[in-house]
Structures are given as C-alpha cells and as structure tokens.
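S.K.: Work out the full structure, taking the sequences as your base and the hints as a guide.
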Amino acid sequence: MDTKHTATLRFLGATDTVTGSRYLLEAHGTRVLVDCGLFQGYKRLRERNRRPFPIAPDSLDAVLLTHAHLDHTGYIPALVRDGFTGPVYATHGTNQLCKLLLPDSGHLQEEEARYADHRGSSIHVPALPLYTAADAVKSLNSFRPVEFDAPLMIGDGLEATFLPAGHILGAAQLHVRFGGSSVHFTGDLGRDDDPLMYPPRALETVDVLVTESTYGNRAHPHGSAEQELGDVISKVAKRGGVVLIAAFAVGRAETLMLQLARLRRKGAIPDIPVYLNSPMAIDASYMYQQHPDEHRLDAGEFKDMYELATMTRTADDSKLLNLRGGPMIIISASGMLTGGRILHHLEAYGHDPNNALVLSGYQAAGTRGAALAGGARELRIYGQDVRIRAEVVQLEGFSAHADADAIIRWMRSAPQAPRMTYITHGEPEASEALRLRIKHELGWKARVPEYLETITVDSPQ
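FYI, the numbering used here numbers position 31 of the sequence shown as 13, with every residue one higher than the one before it.
These are computed hints drawn from the structure, not numbers from a lab.
Heads up, some of the hints might be wrong.
Think about it this way: if two alpha-carbon atoms lie no more than 27 Å apart in a straight line, the pair counts; the simulated DSS-like pairs of lysine-lysine are [as the list claims (entries may be wrong)]: (1) K81 with K220; (2) K120 with K81; (3) K285 with K248; (4) K220 with K301; (5) K248 with K217; (6) K217 with K120; (7) K301 with K81.
Computed beta-carbon distance windows for the label pairs [stated by the list, open to error]: (8) V368 with G162: 55 to 65 Å; (9) S41 with V368: 42 to 52 Å; (10) D275 with V368: 36 to 46 Å.
Each residue gets a CB set at the ideal place from its N, CA and C atoms; glycine is no exception.
M.R.: Following this line, the structure appears as structure tokens:
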C-alpha cells in the first residue's frame, strides 16, 4: 500500500451503540484518535472498557475530542495511564468541562469498585476501578485547548479544524484534511431550535463523512417541551408531590433551569422550591457564562436561572432533600440513571405515586433510564430491588441531539455528496433507518460500519 496517498479509518467504537465513540485515523504516517469515549449501557458493551485498547496507546500521535461527554472522553485517563504521551486537543469549552467530568468519572469508578468489593461481585480481589480520580487528574496535563476555525497541523501533513456543532458548550465537528482528501466527523450534532445553544455549522464539501445517528429513526415532538414540562410540574405540585428531573450535568441541567425560569416568569408553574443537586452541573453552568459566543443566553437570563434554584453541593444537604418531601423540584444527575445523586432521590421518592420522575432526553439501551422509559417499574439500585410507583415521564423534546429530519436537512446543505457516508453513534435500528433515508432522499452512498472495521480513504493522485 502506498501510504503517501492512502489513509485508513478504523472504527474502534460507536458502531453498534450510541456510546464508546473512538475513531482511529492514519494518514501520512500520523496516527490520530478522534474521541476516546467510554462504552455505556449493556454489560456486554461496558466490558469493552476493560479489554486492552485495540492499539498501543503510545503509538498515537494525538487525540482529538469532539466534546466533553463521557461517551466521547471517558477513556482518556486509562489511555494516558497505559502509555499515551501525546497531546489531547479540544476546544476551550471542552477542555474546561473535562476538568469536571474526568475526575468525577474516576471517583465514580473507585466507588463502584468499593461497592463490588462489598458485595463480592468482582473477579478481582480487591476489585479494581477502570481508573482512579488521580489517573483522571493526571490525564488533564495532556490537554491542549484550541480555537474554533483555527487549522491545527499534526504530524506530517494532517490538518484538523474544529467547527461549531451546537449540542453543548465546546462541542465541535472535526474536519480533517490530508493530501487532497478530507474526513469529516459530526461529533454530536445539536439542534437548530435548541433554546440554549446555537445550531451546528453547515456541512462543507467532504470526501468521507462520519455521522452520528442517535435519533436516526425518530423525530422530536412538535409540541413545546417547555409547556410539557410545565404541565408535569403543575400536576405533581397540585397533589403535593416531588418532581425528580434526571438531567445530564453538562448541557441538560442548564437547559432545564432556563425553561423553568421562563415558566416561573410567565406564572405557568407554581412557586415551589427548586433544587439543583449536582455540584458538577453547578460548576458547568458557571462555565457557560464564560463563553457567551457559543450560546443564546444573555446575562439577565443567567441571573434568572441562578435565582430560581437553590444550589446543593454537599452530600449532607443532598441527604436532607430526601427528608423534606414535596412539593418541590429536584434536578440531579445522571440523566440516564446510571449513577449519581438522582438514584438516592429515586430510592427516597420513587415508591410514591404522587411523585414523578422526569427523564429529560435520550436513554441509551441497557441503562436504568431506558428500562423505565420502556415500562419497567422495578430497578436494581445499590444491590436492592426498588419498586417505582412514581409517575414516569420521558420528555424527548429536551434532547440536545439533532433528530433524523434535522440531520437530513444538515446533510442536504452540502455543496456536493461525499464519496461515502458512514453512520455511527446510534442503536442498530436508528443507524439503519438513517442509512436508508440518506440513500433514498439524498441519493448518497452510505453504510453502517462494523465494530473494529478498517476502511481505506484514498487520496487523489
């Protein structure tokens, strides 16, 4: 193979699931990993996190991150611990958020190991975390912040540019050029109508497109998500209940506080206490204020958001909320009920039908959130079976992902069709549905790659 005019792309994750985003791009003797995420959801997927990384970490020249969510960044501490010594390039917003997310992830890994020790469920004695909080803090030394729209040279002839993707603070599409060819990674595309973030940058001419497909087989509801949320709160408050809102600490919590502040200002919800019970979400919200060019909010709306909610930082204050009772609103992580303080609140309030649990977006297959959204009413939480009699409401209108119609519209803006489009970062049904739409509506070549598949990207001679 003539490596001077050939590049390869290997799909190390996000091929049969929405998680574990990892793409290996090799061109001109340079080896770059685009995203370095954790697999989440089903046990068979999570077990991939424990396997040796498919390539030697010290063989990588750089890592490029599309955004901060753990399914795109959460394996970095293990990669650095196991030998990666190169730079991790990310936008300033992503760089800041990773300082929150990665150490917290390491802390949770250690907690899970301690719990596995307690119940004797690990094959290791003592149980071993995937990585520690110290590993995560050390990995942050590898981060190098970059600007949007500033071409970055890596190795011999590989150029990467970070382009706005919407979605969350710092989120980027990645446009990578080498020789005369290009590969474009969508990352997670945001929405045109997102109340918080600006829409993603339009697609330019590319040779190979790698797109997400989280909502590849679905459309977001046409009704007002804000009104739907207000209706749930008013109904539960009238019966004296507690509204638990499971929210991703980065992005979703800010959107929810914004919508609650707007509802309160209009008098559309009763004046009941609101608690933001997530130290990470509190810190992330302050970070959004430092990047006004990336979002739609002005200083007045930020002020309204912070005056609306009581910020709950300490574990003791969190425990007191479980004794308080309703009516009240608690916003807490994690958004898919995979861990965090929301589980303690669910243990305390999930048994009462006067209360409600609001799932504020996409629930990955194999998570507790997906189980509840699918009709399950018993969850395994910290080794106990917990019966859920509270009302369960899924508000998909709060998703920060572009839906299938929006992805097609975004693709249609391209000056010309890519040579090939690869559909990733979706459940199999969603990826296949988007592939068919791309083929039939746009007339583009498209396929769904397999896990660990390697494809060749030919540069023009």
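S.K.: Are the hints correct? Go through all of them and say.
M.R.: Structure-based check of all given hints:
1. Annotation: proposed proximity of K81 to K220 is violated, straight-line Cα distance about 40 Å (limit 27 Å).
2. With a C-alpha separation of about 11 Å, the suggested pairing of K120 with K81 holds against the 27 Å cut-off.
3. For the hint pairing K285 with K248, the CA-to-CA distance comes to about 16 Å; that is within 27 Å, so the pair holds.
4. Taking the CA atoms of K220 and K301, the gap is near 24 Å; set against the 27 Å cutoff, the hint holds.
5. A C-alpha spacing of about 17 Å is found between K248 and K217, which places the hinted pair at or below 27 Å, so the restraint holds.
6. Straight-line distance between C-alpha atoms of K217 and K120 comes to about 47 Å, which puts the hinted pair past the 27 Å bound.
7. Taking the CA atoms of K301 and K81, the gap is near 26 Å; set against the 27 Å cutoff, the hint holds.
8. Separation of V368 from G162 is about 58 Å and conforms to the stated range, judged on CB atoms against 55 to 65 Å.
9. Range check, S41 to V368: about 45 Å between beta-carbon atoms, so the 42 to 52 Å window is met.
10. For D275 and V368, the hinted distance range of 36 to 46 Å is satisfied, since their beta carbons lie about 44 Å from each other.
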